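*Asks:* The primary structure of each chain is shown beneath.
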Amino acid sequence: MNNILLSLSDGDKRLIFALLLILIIVVVFIGLLGYLMMRIMKFQSKKMDTLVHDAVITKVVSDKKHFIKYGRNKNWAYFFKQAYIPMIIILVGFIVLIIHNSIYNNWGYNPFSTYDGFGTLFFTWKLSGEYTDGSLIKFAKLVLDNTPHFDAIAWCGYIFGPCILVGGTWYLVAVSSLLARTVMLYKRSKTLFEKSLDGYHQDEALNNTNTNN
Amino acid sequence: MITFLKGILKGLFYVIFFPLGIIAISLYAFFGIFVFIYRLIKLTILFFTGRNLKNELPEDEEVRQILEKNSGNEEKHDEPVLNLYPSDQEIYKTDEYVSPTFDEKKEEQQQSIKEEEDKNE
Chain R
1 MNNILLSLSD GDKRLIFALL LILIIVVVFI GLLGYLMMRI MKFQSKKMDT
51 LVHDAVITKV VSDKKHFIKY GRNKNWAYFF KQAYIPMIII LVGFIVLIIH
101 NSIYNNWGYN PFSTYDGFGT LFFTWKLSGE YTDGSLIKFA KLVLDNTPHF
151 DAIAWCGYIF GPCILVGGTW YLVAVSSLLA RTVMLYKRSK TLFEKSLDGY
201 HQDEALNNTN TNN
Chain X
1 MITFLKGILK GLFYVIFFPL GIIAISLYAF FGIFVFIYRL IKLTILFFTG
51 RNLKNELPED EEVRQILEKN SGNEEKHDEP VLNLYPSDQE IYKTDEYVSP
101 TFDEKKEEQQ QSIKEEEDKN E
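Protein chains in written order, with the numbering used here: chain R, 1 to 213; chain X, 1 to 121.
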């Protein structure tokens, strides 16, 4: 171990330090994202209570099995309600792509391409064959591939890209909400029809009934 | 210190379970597409057969009936009552005393007459 550390140059050490820093930032970012997702899902799961509230209060649903079946049906129905707008947006994107491909007779068209697609609007880099100078660790150089510019030839990408991004994100939010409600449904099914004997004593209960009579 | 450690543990928990969450969401997203298509076809069939598009469950109908029944009762309670004899009604409303009906009064009178007759005999 010591030999490896001694053989590392200053450049290598700096590189390892930078990599560790990037790793920590990535871990923190994932942690924060996970935390945010959990918070959002907790908020979304409250909708499950609203969906099954009336049926439970009126005792139309009175056992665990029935509750899960009813809750699941309501959950998927609500998901359909939430997901139809993003689905329409995604569908519009695909219809535009099909129209474009049939007009230009190019079925291998990449709508995210940096040449004639949505990618023309972004900075993109590619890995070159050359490597950075280092004694032990070698990295490929990043070379700027595209600067943001507007190209009329990429009209299909400009419609398809946003449609897929907006529709896809919206759909994923609906799915995460569905998942959160499912978790809540099973959580409620465990506690809602639970019968507890904490603090109950049969003899005491019998005595009480006798004295009342 | 403990809260700081708790925070770190929570962060680690999220880091470890984040990929699992992503897998669960992607599986649900994939399955959700099929459910969406199935429901869309079902709704289309319902539309063309001229049936209700709300696609309500039998439990919902039952719930609605119960709720309507309850709300109907509440409405009856709220209806204003014509108050001809306010003083009498205030007395009769109490739980302790319930005003006797005409027949009950008649029975009481007959009983008291009988008792008096028996005493006299």
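Bear in mind the hints are in silico, worked out from the structure with no lab data behind them.
Keep in mind that this is a model prediction, so the values were computed, not measured.
One or more of the hints may lead you astray.
DSSO-like cross-link-like pairs, simulated, lysine-lysine; straight-line CA separation at most 30 Å [as the list claims (entries may be wrong)]: (1) R:K141 <-> R:K64; (2) R:K42 <-> R:K126; (3) R:K47 <-> R:K64; (4) R:K47 <-> X:K106; (5) R:K190 <-> X:K6; (6) X:K114 <-> R:K187; (7) R:K69 <-> X:K10.
Computed list of chain X residues with no C-beta within reach of chain R, every gap over 10 Å [said to hold, decoys possible]: (8) Y28; (9) R39; (10) N52; (11) E62; (12) P100; (13) D103; (14) E104; (15) K114.
The beta-carbon is built from N, C-alpha and C at its ideal position, and this holds for glycine as well.
*Asks:* All the hints need checking, so say for each whether the structure fits it.
*Replies:* Outcome of the hint check:
| no. | hint | in the structure |
| --- | --- | --- |
| 1 | R:K141 <-> R:K64 | violated, 60 Å |
| 2 | R:K42 <-> R:K126 | violated, 40 Å |
| 3 | R:K47 <-> R:K64 | holds, 19 Å |
| 4 | R:K47 <-> X:K106 | violated, 61 Å |
| 5 | R:K190 <-> X:K6 | holds, 28 Å |
| 6 | X:K114 <-> R:K187 | violated, 70 Å |
| 7 | R:K69 <-> X:K10 | violated, 33 Å |
| 8 | Y28 | violated, 5 Å |
| 9 | R39 | violated, 5 Å |
| 10 | N52 | holds, 13 Å |
| 11 | E62 | violated, 5 Å |
| 12 | P100 | holds, 30 Å |
| 13 | D103 | holds, 33 Å |
| 14 | E104 | holds, 30 Å |
| 15 | K114 | holds, 36 Å |
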